[in-house]
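Trainee: Each chain, written out:
Protein chains: 2
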Amino acid sequence: MVENYVHGYTEKESRRLADQADTLAKLLHHDTRYPAKSRILEAGCGIGAQTVILAKNNPDAQFVSIDLSQDSLHKATTAVTAENITNVTFQPADIFDLPFEPESFDHIFVCFVLEHLQEPADALAHLGRVLKKGGSITVIEGDHGSFYCYPESEEALMAVKCLIDIQAGLKGNSLIGRQLYPLLSKAGFKKITVSPRMVYVDSSKPDLVEGFSKKTFIAMVEGVKAQALTMNLIDAETWNKGIRDLYRATEIDGTFCYTFFKGTALKKI
Amino acid sequence: MVENYVHGYTEKESRRLADQADTLAKLLHHDTRYPAKSRILEAGCGIGAQTVILAKNNPDAQFVSIDLSQDSLHKATTAVTAENITNVTFQPADIFDLPFEPESFDHIFVCFVLEHLQEPADALAHLGRVLKKGGSITVIEGDHGSFYCYPESEEALMAVKCLIDIQAGLKGNSLIGRQLYPLLSKAGFKKITVSPRMVYVDSSKPDLVEGFSKKTFIAMVEGVKAQALTMNLIDAETWNKGIRDLYRATEIDGTFCYTFFKGTALKKI
Numbered sequence: 610m611v612e613n614y615v616h617g618y619t620e621k622e623s624r625r626l627a628d629q630a631d632t633l634a635k636l637l638h639h640d641t642r643y644p645a646k647s648r649i650l651e652a653g654c655g656i657g658a659q660t661v662i663l664a665k666n667n668p669d670a671q672f673v674s675i676d677l678s679q680d681s682l683h684k685a686t687t688a689v690t691a692e693n694i695t696n697v698t699f700q701p702a703d704i705f706d707l708p709f710e711p712e713s714f715d716h717i718f719v720c721f722v723l724e725h726l727q728e729p730a731d732a733l734a735h736l737g738r739v740l741k742k743g744g745s746i747t748v749i750e751g752d753h754g755s756f757y758c759y760p761e762s763e764e765a766l767m768a769v770k771c772l773i774d775i776q777a778g779l780k781g782n783s784l785i786g787r788q789l790y791p792l793l794s795k796a797g798f799k800k801i802t803v804s805p806r807m808v809y810v811d812s813s814k815p816d817l818v819e820g821f822s823k824k825t826f827i828a829m830v831e832g833v834k835a836q837a838l839t840m841n842l843i844d845a846e847t848w849n850k851g852i853r854d855l856y857r858a859t860e861i862d863g864t865f866c867y868t869f870f871k872g873t874a875l876k877k878i
Numbered sequence: 610m611v612e613n614y615v616h617g618y619t620e621k622e623s624r625r626l627a628d629q630a631d632t633l634a635k636l637l638h639h640d641t642r643y644p645a646k647s648r649i650l651e652a653g654c655g656i657g658a659q660t661v662i663l664a665k666n667n668p669d670a671q672f673v674s675i676d677l678s679q680d681s682l683h684k685a686t687t688a689v690t691a692e693n694i695t696n697v698t699f700q701p702a703d704i705f706d707l708p709f710e711p712e713s714f715d716h717i718f719v720c721f722v723l724e725h726l727q728e729p730a731d732a733l734a735h736l737g738r739v740l741k742k743g744g745s746i747t748v749i750e751g752d753h754g755s756f757y758c759y760p761e762s763e764e765a766l767m768a769v770k771c772l773i774d775i776q777a778g779l780k781g782n783s784l785i786g787r788q789l790y791p792l793l794s795k796a797g798f799k800k801i802t803v804s805p806r807m808v809y810v811d812s813s814k815p816d817l818v819e820g821f822s823k824k825t826f827i828a829m830v831e832g833v834k835a836q837a838l839t840m841n842l843i844d845a846e847t848w849n850k851g852i853r854d855l856y857r858a859t860e861i862d863g864t865f866c867y868t869f870f871k872g873t874a875l876k877k878i
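Note that the protein sequences, when read in sequence, are chains C and H.
To get the working numbering, take the position in the first sequence, counting from 1, and add 609.
To get the working numbering, take the position in the second sequence, counting from 1, and add 609.
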């Protein structure tokens, strides 16, 4: 293998991953558009993966992106700086103890955060306090129980169940996507609309096979192997068949399904 | 309860069911449009539920709708006559022994049929023979394995699994939605596109709660109760809890998810 080929492959690979990120970004974020000069709180920005997309999609809005982790905020700052984004301010803060005046934001955005919280409705209620009356909240979450594939495989579902159970053991909830409507309702929001965003993958979509099925979803499941086996959630043979079957569903006649949920709602005037 | 109230309720109920049918019809059929004068084979029309929608959506196209059952064809004829539809001809025929010349149809339409067949790819290949080169085939199927709800319930999934297993025992496949891409490919079609059509129901959509969750999906599951218990697929207590939990998911804080799949493809020129 010559160096040129390797580079070529690497570039192709980068483009492929970028295409996949782009496909998911469009699926999840294409309809999140904020008016110029509006002030938006992004709660739980992590390393800034969504921040970059949000800020680019809304160059005339101002974002305040918070996270508990200083380390994540540092990475997020690096990510937006690399993209020459200037409409984001980062700040360490806790959703349950927000250092902002009541009703000080026009809109709120929360993506892939509630799944990690023990009291997601309570978190939404705290966020609601710093939101102006009539302002919107947008919440995006996945739902690991929405996964299925062809060829169908009980062992594949059992491996995925390990991921769900391990997250539940950490007091999180990876089945939270289906629950956005009641959560937003319980937190007091009005005019709630939840729309599912299904990722359907077959071999006519090689970017998604590689970028979503293999490198996002299966990689995530494989990540809990040691824990799943140590905790005796599954035996090694079943686990290995489950992972093999997940990869089997990425072959030319396989299909892969997963659904994200996006909820939007308003604060009562 | 006075007679007027009863009538009022009945009318409201009819409107509700019509609204639900309309929502599903839009979801599944809105993008099936055929050119004027084109000749389309609808294979396995049953009692004409889809025929009516298709024929109304494409008033200038000509449909030939076939089914094995004379009784179903009689009901289908009554249904289209009631709607003053004149662009459909019904004919008893077997998909595996089609009484038509090769390449005699411009397009083919198959909805909720493959799930009942032991050899679905073979059925598609037979249909392909009577399709003109470059003509399209449209296939719509559900997938009972795509169901999930909130609050999540293992017993509810076990009750649904009975329906899946009983259909499998009848040599059908109620998990066929996810399989449309490989089936169309195996049958030799080209330019295959499969798009999922997810029905997401929460209490902001009372028509779907009533018309889809309760009267379509749960009713379908409840329909196999006697068989499931007789075949010892489930015990009565688990069954009853499963059904209760399905209804629980239709309450004000519940959600309900199910996905249909629509595949379109072309016959190679």
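In short, the hints are calculated from the structure, not lab data.
Treat the hints with caution; some may be incorrect.
Which copy? The list can't say, so a pair holds if one copy fits it or any two copies do.
[What the hints assert, rightly or not] As a list, the in silico BS3-like pairs of lysine-lysine whose alpha-carbon atoms are at most 25 Å apart: (1) 834 to 741; (2) 770 to 795; (3) 684 to 665; (4) 877 to 834; (5) 684 to 635; (6) 850 to 770; (7) 799 to 780; (8) 834 to 635; (9) 823 to 742; (10) 684 to 795; (11) 877 to 741; (12) 823 to 800; (13) 795 to 824; (14) 850 to 742; (15) 795 to 823; (16) 684 to 742; (17) 834 to 780; (18) 823 to 770.
Trainee: Hint numbers the structure violates, sorted upward?
Mentor: Numbers 1, 2, 4, 7, 8, 9, 10, 13, 14 and 16 - these are the hints that the structure violates, sorted from lowest upward.
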